[in-house]
Amino acid sequence: MSGPIERVVVPLDAAGENLTAIDTAARLAAHAKAPLHGIFVEDEDLLHLARLPFARQITLGARAEQLTTEHVELHLRIAAERARRELFAAAERHGVTCSFEIVQGVSESALTGASERDLVVACALTRPIAGHFRVECRWWSSIEAMPGPFLLARQAWSASGSVVMLLRDRDPAAVRLLEAAAQIAEAADAPLTVICPAAIAGAERFEHWLADRLAGHQVRLQVEIAPTEPAVLRERLRELDCRLLAIGAGGDPLRDFVERYTCDILIVR
Amino acid sequence: MKRLVDELRAALPAAFERDEYRARREAIEQQFKQKSEAVFGALQRRAESKNITLLRTPMGLALAPTRDGKVLAPELFNQLAVAERESLQHEIEAIQGELETIMREVPLWEREHREAVQVLNRETAGFAIAHLMEELRRQYIEPPEVAQYLDAVEHDIKENVDDFLAPAAPAASETSAPVPAPILRDIEDARFRRYQVNVIVDNSEQHGAPVIYDDNPTHQSLVGRAGQLARFGALVTDFNLLVAGALHRANGGYLVLDAQKLVTGYYGWPSLKRALDAGQIRIESLEQALSLASTVSLTPEPIPLDIKVVLVGPATLYYLLSANDEDFDDLFKIAADFEDRVERTPETTLLYARLICAMTRREKLRAFDRGAVARIIEQAARLAGDADKLSASVRAFIDLMHESDQFAIDSDKEVVGVAEVQAAIDAQFRRGDRIYRRLQEEIGRKTIRIETDGEEIGQVNGLSVISLGNLAFGQPSRITAQVRLGRGEVVDIEREVELGGPLHSKGVLILSGFLGGRFGKNRPLSLNASLVFEQSYGGVDGDSASAAELFALLSALAEAPIKQSFALTGSVDQRGQIQAIGGVNEKIEGFFDSCRITGFTGRQGVIIPASNVRHLMLRRDVVAAAAEGRFAIFPMDTVDQGLELLTGIPAGQPDAGGEYPAGTLNHRIAARLDAFAARAAELARTASAVGGRP
Chain R
1276 MSGPIERVVV PLDAAGENLT AIDTAARLAA HAKAPLHGIF VEDEDLLHLA
1326 RLPFARQITL GARAEQLTTE HVELHLRIAA ERARRELFAA AERHGVTCSF
1376 EIVQGVSESA LTGASERDLV VACALTRPIA GHFRVECRWW SSIEAMPGPF
1426 LLARQAWSAS GSVVMLLRDR DPAAVRLLEA AAQIAEAADA PLTVICPAAI
1476 AGAERFEHWL ADRLAGHQVR LQVEIAPTEP AVLRERLREL DCRLLAIGAG
1526 GDPLRDFVER YTCDILIVR
Chain Z
4 MKRLVDELRA ALPAAFERDE YRARREAIEQ QFKQKSEAVF GALQRRAESK
54 NITLLRTPMG LALAPTRDGK VLAPELFNQL AVAERESLQH EIEAIQGELE
104 TIMREVPLWE REHREAVQVL NRETAGFAIA HLMEELRRQY IEPPEVAQYL
154 DAVEHDIKEN VDDFLAPAAP AASETSAPVP APILRDIEDA RFRRYQVNVI
204 VDNSEQHGAP VIYDDNPTHQ SLVGRAGQLA RFGALVTDFN LLVAGALHRA
254 NGGYLVLDAQ KLVTGYYGWP SLKRALDAGQ IRIESLEQAL SLASTVSLTP
304 EPIPLDIKVV LVGPATLYYL LSANDEDFDD LFKIAADFED RVERTPETTL
354 LYARLICAMT RREKLRAFDR GAVARIIEQA ARLAGDADKL SASVRAFIDL
404 MHESDQFAID SDKEVVGVAE VQAAIDAQFR RGDRIYRRLQ EEIGRKTIRI
454 ETDGEEIGQV NGLSVISLGN LAFGQPSRIT AQVRLGRGEV VDIEREVELG
504 GPLHSKGVLI LSGFLGGRFG KNRPLSLNAS LVFEQSYGGV DGDSASAAEL
554 FALLSALAEA PIKQSFALTG SVDQRGQIQA IGGVNEKIEG FFDSCRITGF
604 TGRQGVIIPA SNVRHLMLRR DVVAAAAEGR FAIFPMDTVD QGLELLTGIP
654 AGQPDAGGEY PAGTLNHRIA ARLDAFAARA AELARTASAV GGRP
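Listed in order, the protein sequences are those of chains R and Z. Heads up: the first sequence begins at 1276 in my numbering, then just goes up one per residue. Heads up: the second sequence begins at 4 in my numbering, then just goes up one per residue.
Keep in mind that the hints were calculated from the coordinates and are not lab data. One should not assume that every hint holds.
Said to hold, decoys possible - In the SDA-like style, the derived pairs of lysine to any residue whose C-alpha atoms are separated by at most 20 Å in a straight line are: (1) Z:53 - R:1410; (2) Z:73 - R:1416; (3) Z:524 - Z:684.
Modelling step: build the complete structure from the supplied sequences, incorporating the hints.
Following this line, the structure appears as structure tokens:
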């Protein structure tokens, strides 16, 4: 992403912890003075399953019950309505314009209309079973397909901590990453720590390069040399009380990052 | 405890912020996360190995068949070979069964997780608060109940440590409207109210045993109460709202109560008896005590009671309680009957003067000069109704001092003198004497006939006292008697018309006794006599007019006129002795004022029992008139003395044969009675001769 954010898009579904994503998205939309758009995805897989004769649902409070199409549709409608209410309430709180749509399909199809100027904010967590166990986040396939920045929100906006960006080079994608990270740090009033290889940090006019890129943002900037060992980096991120980690899409496997860290993850292509 | 809570509100969050706590908490979370992931993960892997995926439904979990990582659409599923479909279905059902088993165990895991966190929290909290609690325990070694209480507090803090970790007030987030400050205070207050200590009685500044006077001894003021707060439309209470009663405040000391207010106050007397009887104070509402309310409220532990209760009140109340309340004598064993008058001696007079001086300082009044003090003491004797006594009613003379002080202020005087005290006394009387003035006015206008000069047979001026509120005044009444031939009856007209009280009737019957004793030994009393208080339209009671009635009767019998310039008072016994009566000063002053209205003649006066002379504390104008010879007061000991004064005729003493000297009053009476007897005998004979009845 370069330049201003056009929309903040929130993909929503019946399985995710939507509220965290909605709140984060609304705040970022307010900061970017961009409209907020919610897309509720009625999971096609669930609907397919419901049409199978042996489809059952197992819940904590009851025995296995038959999962029918009517049953699934009813609950999807309820979940969509709840998501809509929460989205509009958040938009109203933060004074942003808001729109909402319901689509049926799989997760990657939900975000096909998103452009590189859209910031997508999705919840990284599904609602837990047994307090801890969560089935996998449904948005992975979308991340791969997204042309613009993608934020996987896991923590409440009120969480303290800093925004940390892993800068690997100074190509245009890195610039977009830096700009997106700076915007979020500014919105969250959090310090921005740029962790980069020594070669980059020691390069001539690196500081000027950084200053030029961040000229429009009021952030407390800090530059650190990236440790070579992943464990040291992990420890450093913990010390920095990292609330959001900004990474480029082409680096380490995303799932590793998400599994390794509990903070929000910003991916910019 | 407030300091402890304040310190804990800082210490406990700090303890829970420490890395040690976080690490241990994280370990617990990890442990349970691993456990759930291990179980669910294994299931998920097993499912995936069989082309089955775990889906999150809005309500729970479901298992779906997949191909190439995607859930099989029903159309594709139906295209599978029957055997494959059945196999898939069988596999799904098998895994579903496992999933159900796991899900059934989930609540157990959650409970284990909660317990593990609780144990950690308790340990962390216990470590953080231990030194603070220890400090308190050292300060309060005694009594042992405090140590128990502190143990309970420590336990409660550990169990409810979340209260200390939560922010002081909900953040004014955008997600909700701002919470009003009073509600925030309520929420904040409610979290830690249970750690407060409600000191219902603080005797730390007390030197010696407490002495408490309760001026409104009702149930609640004695045993205390549990106050209530309106919170969100409901009335709530807790131990912080317990309020001590007088029994708590006086516990270990003395409680002084107005007995009259106690027995008339709402349920005060039964509550006091119950507390004394049980030896403990139980704070409970009246509804609870009477089992009138079924709402659940506080039932504080009873407090042992060690107290001396002093009831102060009129003697009549003591007698009533003693006679009618069977618990009274058991609970109140020491009676002290205080005299409401003191002897008037030089020593007590001096003490009285000192008391007046002290009262001027206490009441912030002007100084009273010696004349004023003397006048107040004189008035105290007047209030006592006895020249040799002084009233102990402090309230009465404080009122008089205040009013005297006001007269001094009005007169721009720095010191209160006798004139101001007299003005205050006069003003006090004047304010309440409307009825008295009206009666005197009617005497002056002859509407009420009172003769203050001349002579009349069978008519005498009696004196009575009328009490209206704090004011008592004397009222002269004309008492007349008529005699005629009869059978020895003295008719009390007041009694006949039920206006005479029992004491008055008794007095009249004594007259019959006197007549019979003096004149009926040798002759039948063949007379009928009637006695009446003329122009009396209300009840008459007391025997203080019995002497006057006797004189009217004897005058009528002797046909000897009575000087109307005299009024008299006194009761008489059957032997003709005159006995003391009450209100002698008011009676004398009442006749004095009547004479002033009708005109002083220099011959007027009042005859009183000699035994009442010591009670004379007359108004200064009466004393002055007596000194000037315009008005006289005569004492009498016997009926004969009174008769001689009233008629100017010697009464006469009987000789050895019981006969009175000729020319004396008694002789005339005896002769009249003889005449009645003779006439009665004559009539009896005549009647016998004609066969009739006399």
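Practice prompt. Would you list, in rising numerical order, the hints stated earlier that this structure does not obey?
Written response: Failing hints: none at all.
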